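Residue numbers (UniProt numbering), protein chains in the order written: chain A, 1 to 825; chain S, 1 to 319.
Mixed in with the good hints, there may be bad ones.
List of simulated lysine to any residue pairs, SDA-like, C-alpha gap at most 20 Å [stated by the list, open to error]:
id, chain 1, residue 1, chain 2, residue 2
1, S, 40, S, 82
2, S, 247, S, 14
3, S, 40, A, 26
4, S, 39, A, 121
5, A, 716, A, 766
6, S, 247, A, 324
7, S, 39, A, 26
8, A, 332, S, 279
9, S, 26, A, 824
10, A, 92, A, 223
11, S, 39, A, 14
12, S, 40, A, 23
13, S, 39, A, 647
14, S, 40, A, 25
15, S, 85, A, 11
16, A, 18, S, 52
17, A, 18, S, 37
18, S, 40, S, 310
19, S, 264, A, 23
20, A, 332, A, 374
21, S, 26, A, 334
22, S, 39, A, 23
23, A, 332, S, 35
Think of the hints as simulated: they come from the structure by calculation, not from any bench.
In this text, all values refer to a predicted model and were calculated from it rather than measured experimentally.
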Amino acid sequence: MAADTKTNTKNSVAEIFKSMDYGPAPEADNVAKAWLNDHDNGEFGLFIDGKWVKPDGRKTYQTKNPATGEPLATTIQGEQEDVDLAVSSAKKAYETWSKTPNHVRARHLYSIARHIQKHMRLFSVVEAMDNGKTFRETRDADIPIVVRHFYHHAGWAQLMDTEMRGWKSVGVIGGIVPWNFPLMLLTWKIAPALAMGNTVVLKPATYTRLSALLLAEVCAEAGLPPGVFNVVTGNGAMGSKLADHPDVDKVAFTGSTGVGQTLRRLTAGSGKKLSLELGGKSPVVVFETADLDSTVEGVVDAIWFNQGQVCSAGSRLLVQEGIHDKLVDKLKERLTHFRVGDSLDKTVDMGAIVDESQRKSIEEYVESARQEGAEIFQISAIPKKGCFYPPTIITNVQTVSRVVVEEIFGPVLVVLKFRTAKEAIALSNNTIYGLGGSVWTENIPLALEAALSIKAGTVWINCHNLFDSAAGFGGYKQSGYGRDGGKEGLFEYVRPSWEKRPRPEPVQLDLKAFGQIVQARPTIGNNQKNEISADGKLPGIDRTFKMYYGGKQARPDAPYARPVVSPNGTVIAHVGEGNRKDVRNAVEAAHAASAGWGKRAAHNRAQIVYYMAENLELRRDEVANRIHQMTGRSMDDCKTEVDLSVQRLFHWGAYCDKYGGTVQETTLYGCTVKVHEPMGVIGIACPDEYPLLGFVSLFAPAVIRGNAIVIVPSEKYPLSALDLYQVFDTSDLPGGVVNILTGDRNHLSKYLSEHQDIQSMWYFGTAEGSKFVEYMSAENVKRTWVNYGLARDWTDPEQGQGEEFLYQSIQCKNIWIPMGDIFAN
Amino acid sequence: MSDRNPGIEFDASWLEHVYVNLPAVKRRAETLGTRRCVKKQWQSAWLLRAVTCIDLTTLSGDDTASNVSRLCFKAANPVRDDLIKGLQMEDAGITVGAVCVYPSRVADAVKALKAANASHIPVASVATGFPTGQTPLKTRLEEIRMAVADGAREIDIVINREYALTGNWRGVYEEVKAMREACGEAHLKTILATGELGNMVNVYKASLVCMMAGADFIKTSTGKEGVNAIFPVALVMVRAIREYYQKTGYKVGFKPAGGIRSAKDSCTWLILIKEELGDEWLNGHLFRLGASSLLIDIERQLFHQVYGRYAATHEIPMS
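Based on the sequences and whatever the hints tell you, model everything.
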């Protein structure tokens, strides 16, 4: 007979029979502790080149269980040498791994998935102990998602030749991941990286390093070749060293917006690829037609999953006014039986906060709301010991409150009211972030419209925080760029087959001086060329090439002109010298046009682009002649450029209605729909070569995918682009969709890059300019596409109209639409 | 059970804004058993509590006095004495919540319980053309009166699915109200036969309408439909109970029935009730589990708790 049933205490069967309380139900930690002990009694090294490495003289970091404060292990604070060793090992492994047949890589990824599955319980316990999150979540969410991710990407490795034709691996990937989902988020980096033939050096977060080290060991057990996946532990500064390492070809980061910005600046101009998955302040939008009881559980998933330490946490609850009080009451009632406790206790809803500093930061936020007079609702039943913070609901707050504006990264929900769907969307988008969001209603037309209107990478309908490897996860706006998961995520780990990794010479960039100009003054003399009229006696009528924005020709804000000079030194025309204010005006015009243009039927956009081709061809000789005048190239050559431009318009016209998205094969019963949405407004600086074809190659893909653009034509040969605005006007292109600013490329690019309301910047100019654009883009986390001063052959279909252009023209939104109403007969 | 739900006037406005999202309901239902669990003596105590909530049931065409009698003795002695002693629960007087039989077997059950010295255990009778309800209202009401006359203290009626499926909620209300009157002092459990209601909105509406008509319990199923007591349905029904309580102050009981067989499930059912309705509902007055074979599995779990070994089925007295 079990001894503990005899005791006639509070915990006797008789007493529990009366109270019907829950008792302790701890998951055993003995295997996890034995695993820690296996490693020099919990003193871990770095995992490099398939083996443990313990360099001498390193500082160490003691990792603790946040729920108990109990020390778990010590890990090494890696230094430059360690980064060098890991990167060189990854670089060496890349030589063979990148040439390993797809099928073989697929077998390796499959084996990793299998091996994680074999050790699932150990992973779940280690992760819960290290992070403080509940074992229930690691068991039912984190680790199953990890396993699924490796299986899914084994498939992508197998299919790379067919599904990723025209793309190749990148090289050595530097992965830097945060502490909130330590294993899951690193998997989101390494699975696609390895599948596409790259090797990885990973830096786990300081607080949570153990599962990464366990994975490295399990990968080795699974037979992954040495050096393909390396783990180097260290502080944030070491992360920067990794990102900065010249042999790292791509940095894949998940973490705070602040660190993401730092990494963008650090890698600017280096030719490295970069993907950033950053912060969020995701809305949970509840309409009066919602199932409120289910919404309550949805809010639990949205903000109290993982203690709210989720980048896509639904931290802003937006509720239709008429049901606000009812829903808030239900939420408060829900919290009365919400349990917070030790991560290994199987009866809790929420675990511990990762670290005391994080807990303090959450507390400060809530106190700031209290100071403002907000109403704070919290439960008191949380453990006294350990790093815990109660689930919190803040009402009576406004859009101006810090707790509404900033990401708290804790279990804190703010509640705001709205009156109409339109206002709900406006409030949803009234944030610098755009990672996720959920919509709660039984009204399908409303749900879909809201999902498409919320500017975020993932929108869940009647659910929140569902993840699957088949659907990419990532942000709009300052939530970052690039996707983790899905086919869309693979593009972060490949580059076009024709392209070498750009390795521009280091340039000294003077941020203040960049793009400064002194405008041109009048020129006289024999280099002045006025077209001669038919009878040869009269001077030609001066033709002024104005700029073009908002569907109208416009003079420069400050009327200065720049001469366009032919190869023999003759001034053949003047164009406006655009400045900061012209950029401002053009961006305004682009935004005014952008929403309507994005919503146009794809067929309609196609018609317009085909019409452009038609109208351009009508002017074939005139446009070719202009190129000839400017460049001095042969007329035949110039006609070929016009012909190629017409072809290219056809190419992109064709893509108007053939790249809208896909249905993703996630584990959801229902539909997960990936929508290729436009970026919004894109700034484009065109190359000098191929003044017409370069311009067309860049503006067309952007525009056909629904973006509005502000485009700077070839600085040297701008006239071809200006010829085009007549084509635009006659082709029914709505005003403001294409806005053309002439002038100094770097001067205009500076203001475009600095503009906070431009979503992406494409720059084809110098290495210095490329660095500037990437550096400046960090401020509002713009996407960028730059050439690092390297020319491409615009006449070549791969280089001039590859899939890359589509990738750059869209951002992926995944909409999760669960289905089901039938449950029985 | 002094404060019975008297019911209220039919109010169609309650049914106007009923929204139930099945996928979200399912997600919540799936995690009920993963967010909470009970181990060791907590599990034993909870299982014993589950025992006291069981409507020990036999509803078969071949029921006779002999198997009904066996059932009643099991109802009075649901857990082996040595196990009860081992758990130090001799003083708790643990019996099941009720025995549940067809109207024709009510008299047999009343007699057997008396013989078992357990007349305090109520006899519940299904009625009203169980399980389909496809008989005239007059005979359905008469069936109730006869079962009550034979000594049934609880009546499990089935609602009119034709009315429910065609949106005639007032019709459902009027019938149930008449049945409540026919019950007199006997307690009324209304079986929604949720597996035949088509969708969760109908389940929610049927729950509200039955409570308005004065149901003491709402019950998921007869056990004869294709889909019986499942957690998503239960969630929808207990949410309706919560709404009714919040609006009227009356507590209505909940009875899942059909397909509940494992001890682990019975704990999850208790967890569902504790989480969604609270501890006040966590007893035989407001919660019943309609089951026949569940009790054996619970006893085996208790055996393990007491002896640390897994019992063979043949070691447990059958019902």
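Status of the hints after comparison with the structure:
no. : hint           : in the structure
1   : 40/S to 82/S   : holds, 18 Å
2   : 247/S to 14/S  : holds, 10 Å
3   : 40/S to 26/A   : holds, 11 Å
4   : 39/S to 121/A  : holds, 19 Å
5   : 716/A to 766/A : holds, 14 Å
6   : 247/S to 324/A : holds, 18 Å
7   : 39/S to 26/A   : holds, 9 Å
8   : 332/A to 279/S : holds, 17 Å
9   : 26/S to 824/A  : holds, 13 Å
10  : 92/A to 223/A  : holds, 17 Å
11  : 39/S to 14/A   : holds, 15 Å
12  : 40/S to 23/A   : holds, 9 Å
13  : 39/S to 647/A  : violated, 72 Å
14  : 40/S to 25/A   : holds, 9 Å
15  : 85/S to 11/A   : holds, 17 Å
16  : 18/A to 52/S   : holds, 12 Å
17  : 18/A to 37/S   : holds, 17 Å
18  : 40/S to 310/S  : holds, 14 Å
19  : 264/S to 23/A  : holds, 16 Å
20  : 332/A to 374/A : holds, 16 Å
21  : 26/S to 334/A  : holds, 18 Å
22  : 39/S to 23/A   : holds, 7 Å
23  : 332/A to 35/S  : holds, 19 Å
Checked against the numbered hints above, the structure violates only hint 13.
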